[in-house]
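Chains as they are written, first to last, in our numbering: chain V, 62 to 459; chain Z, 1433 to 1701.
A hint or two may mislead.
As the list claims (entries may be wrong) - A few chain Z positions that, by computed beta-carbon distances, are all more than 12 Å from chain V:
1) Pro1473
2) Pro1477
3) Asp1527
4) Gly1583
5) Gln1590
6) Pro1610
7) Leu1611
8) Arg1701
Unchecked claim - Output of the computed footprint for chain V on chain Z, the stretches with three or more beta carbons under 8 Å from beta carbons of chain V:
9) 1492-1505
10) 1528-1534
11) 1591-1603
12) 1617-1630
13) 1652-1664
Worth flagging that the hints you see were computed from the coordinates, not collected in a lab. Source: prediction; values computed, not measured. All C-beta atoms in this analysis are idealised placements derived from N, C-alpha and C, irrespective of residue type, glycine included.
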Amino acid sequence: MTPVRLSHFTASSCLGCGRTATLTALRQHRGGLAPCRFETVDDLETQIGAVPQVDAVALPTPLAEYECRNNRLALLGLQQDDFSAAVEDAIARYGPRRVGILIGTSTAGILQTEQAYRRRDPNTGALPDDLVYQTTHNTYSVAAFIRCYFRLAGPAMVVSTACSSSAKVFASAARMLAAGVIDAAIVGGVDSLCLTTLYGFNSLELLSAEPCRPFDVDRKGLCIGEAAAFVLLERPGSSLDADTVLLLGAGESSDAYHMSAPHPDGLGAQMAMAAALRSAGLQSTDIDYINLHGTATPSNDAAEGKAVAALFGDRTPCSSVKGATGHTLGAAGGLEAVISALALQDGFLPGGINTRHLDPAIPIHYLTANSNIVPSRVMSNSFGFGGTNCSLVFGRSG
Amino acid sequence: MASTTTLRGWIDGIGVLGPGLNTWAQAQPILAGAVVYQPQPVLVPAAAVLPPPERRRVGLAAKVALAVAQEAIANARQDAAALAAVFSSSGADCDNCDAICQVLASEDRHISPTRFHNSVHNVAAGYWSIASGAMTPATALCAYDGSFGAGLLEALTQVVVDGVGTLLVTYEVPYPEPLHAKRPLPSAFGLALVLMPQPGPHSLAHIQVDLVEAPADRVTLAQLEALRCRIPSARGLPLLQVLAEGRGARVILEYLDPLNLAVDVLPCR
Chain V
62 MTPVRLSHFT ASSCLGCGRT ATLTALRQHR GGLAPCRFET VDDLETQIGA
112 VPQVDAVALP TPLAEYECRN NRLALLGLQQ DDFSAAVEDA IARYGPRRVG
162 ILIGTSTAGI LQTEQAYRRR DPNTGALPDD LVYQTTHNTY SVAAFIRCYF
212 RLAGPAMVVS TACSSSAKVF ASAARMLAAG VIDAAIVGGV DSLCLTTLYG
262 FNSLELLSAE PCRPFDVDRK GLCIGEAAAF VLLERPGSSL DADTVLLLGA
312 GESSDAYHMS APHPDGLGAQ MAMAAALRSA GLQSTDIDYI NLHGTATPSN
362 DAAEGKAVAA LFGDRTPCSS VKGATGHTLG AAGGLEAVIS ALALQDGFLP
412 GGINTRHLDP AIPIHYLTAN SNIVPSRVMS NSFGFGGTNC SLVFGRSG
Chain Z
1433 MASTTTLRGW IDGIGVLGPG LNTWAQAQPI LAGAVVYQPQ PVLVPAAAVL
1483 PPPERRRVGL AAKVALAVAQ EAIANARQDA AALAAVFSSS GADCDNCDAI
1533 CQVLASEDRH ISPTRFHNSV HNVAAGYWSI ASGAMTPATA LCAYDGSFGA
1583 GLLEALTQVV VDGVGTLLVT YEVPYPEPLH AKRPLPSAFG LALVLMPQPG
1633 PHSLAHIQVD LVEAPADRVT LAQLEALRCR IPSARGLPLL QVLAEGRGAR
1683 VILEYLDPLN LAVDVLPCR
């Protein structure tokens, strides 16, 4: 693919709001998971990665109909690191029709409807009048909110492919840029805590009671988190400084195997990683670090480990940040793209946390401590229900 | 500077399913005005293409998507496993969403694993890849009422930039009450296109798409126009009408205000 420049990026998660807070937590090798006290949930023994600052966010009055946790989280994310100012600059350069919006989410603002079902009319069963479906619950609502917030008039969409959503937006945006449909894209992921995912993963017995331990022999499942991560993508232009991060390649595939279990040999994951390398014109030996999907479920880590070992052997340092951030589901691809970009710019490899005894059955080079190796190119993996896989390759321009 | 790639491709196969529209072969003369339209409840075929365990778990929404996907692939005489896939829907499995919200509002919040994995927006893409064996990229999009346009735009960028044949599937099913009152979709409706980067022996028409600020076209038949206005996947009906008539024309499809998609259609035969 034609490389695409990450002109500006930001992330907010349980590690904190913005790049400095995120980087500091990663550098200090600490996470943000805490026992689940979300909403009315008092019967699940698990840890979550909540963003407490979301509760204090107020949407501007003209955008009141978008009021929901997911859009508040989106606004919180847009306000960090002067990201909104960078978008406004791009709009001034290209015009409001030429800046696209491609956001990944799995559940958008469904929490509004989950809560509204408790307030159904006892006689008619009708939902309360104050539930606004289009601008909160509907999967597109977060992209509509951002389009309205920036008064944009260009292409927009949500990619909602479960936990690969906000990785796949990078591939779609790169295609739109290559086709000349747009000149810049706001991409990223926004996914917020809700009851569907907490009780859903509980039904699959995939929730970890302790902070999750990716690639640990005793891993017991995942911890759900929430995050808003945004990247402004543009064509590279003529002058790039060495710190500029580029999207070099993207690879997508489907397992064609099972709706909620990965292919046991990680075949789809392997295809996505191989496609990403091809797309970037690179060999596996060119990759300095792999940000793993690494959910800490027994089946994901085993399958992903096989896929990584098949392509990279045990040479390439890799880790999952989900012990620190939790699994932010539809926002994970975007969050981990930003973390990959931070690793490239700050010159380190983030080691995974919480992992005490690496699974000896998974022959990969898993980092449990930060490394001062300065990476030039990193891969980031995102896989999801429905057997959807996406791998991205990022690199420094110099 | 912006490149000037033209968004273009060849339509090799069509699938459609809606009230009184059971297949493309049956819908084509209706849309062309040669046969009288008779509204009928949608007859959604069983997803016989799925292995038995998945066939037991699949909901109506994915069945609609699979039906039109299979029809378009069969009409195009293409190998599904060689095509990328773009699924676009405003609501995905709306019955399943209602069922989960009911359980979550009850005393016992235990939802079933099947309910949970059917709740993902890429539910149809997941079942499709299992049914077809396609390990190619598949995506799932939402743009509310602009979901047809968003799907067509994504599919054509894949055709043009990646140079791959792409299956576009747009579909909706109505919510049951009480959500139906908030999002009143009148019926299930599915529309699928097989879009190819090169013309082939089965190509029906060449299309070129541009983003324009011009009002969307309507469908001639009032009853079908009512579907177009109320169901996101039916926003593609004006394109089907032109294809059914077998004529060259520019047709404007609704996308996202203020942008619509101008589709220049040139029949291959």
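Now the hints, each set against the structure:
The beta carbon of Pro1473 of chain Z sits about 24 Å from the closest Cβ of chain V, which is more than 12 Å, so the claim that it is off the interface holds. Every CB of chain V lies more than 12 Å from the CB of Pro1477 of chain Z, the least distance being 20 Å, so the non-interface label holds. With a cut of 12 Å on Cβ distances, Asp1527 of chain Z stays outside the contact zone with chain V, its closest approach being about 14 Å. Its closest Cβ contact with chain V, about 9 Å, brings Gly1583 of chain Z to no more than 12 Å, contrary to its assignment away from the interface.
Residue placement check: Gln1590 of chain Z does not keep its beta carbon more than 12 Å from all beta carbons of chain V (closest about 6 Å). Listed as outside the interface, Pro1610 of chain Z is inconsistent with that label: its C-beta sits roughly 5 Å from the nearest C-beta of chain V, within the 12 Å cut-off. For Leu1611 of chain Z, the requirement that its beta carbon stay farther than 12 Å from each beta carbon of chain V is not met, with the minimum near 7 Å. Consistency note on Arg1701 of chain Z: stated as away from chain V, and its beta-carbon is indeed over 12 Å from all of that chain's, at 28 Å minimum.
Restraint check on the stretch 1492-1505 of chain Z versus chain V: 0 residues with Cβ-Cβ distances below 8 Å, three needed, restraint violated. Counting residues of the stretch 1528-1534 of chain Z whose C-beta sits closer than 8 Å to any C-beta of chain V gives 4, which meets the bar of three, so the coverage hint holds. Counting residues of the stretch 1591-1603 of chain Z whose CB lies closer than 8 Å to any CB of chain V gives 3, so the stated coverage by that chain holds, three being the minimum. Coverage of the stretch 1617-1630 of chain Z by chain V is violated. Counting CB-CB distances below 8 Å, 0 residues qualify, and the rule asks for three or more.
Under the rule that three or more residues need a Cβ within less than 8 Å of chain V, the assignment of the stretch 1652-1664 of chain Z is violated, with 0 such residues.
Taken one by one, the earlier hints fail for this structure at numbers 4, 5, 6, 7, 9, 12, 13, listed in ascending order.
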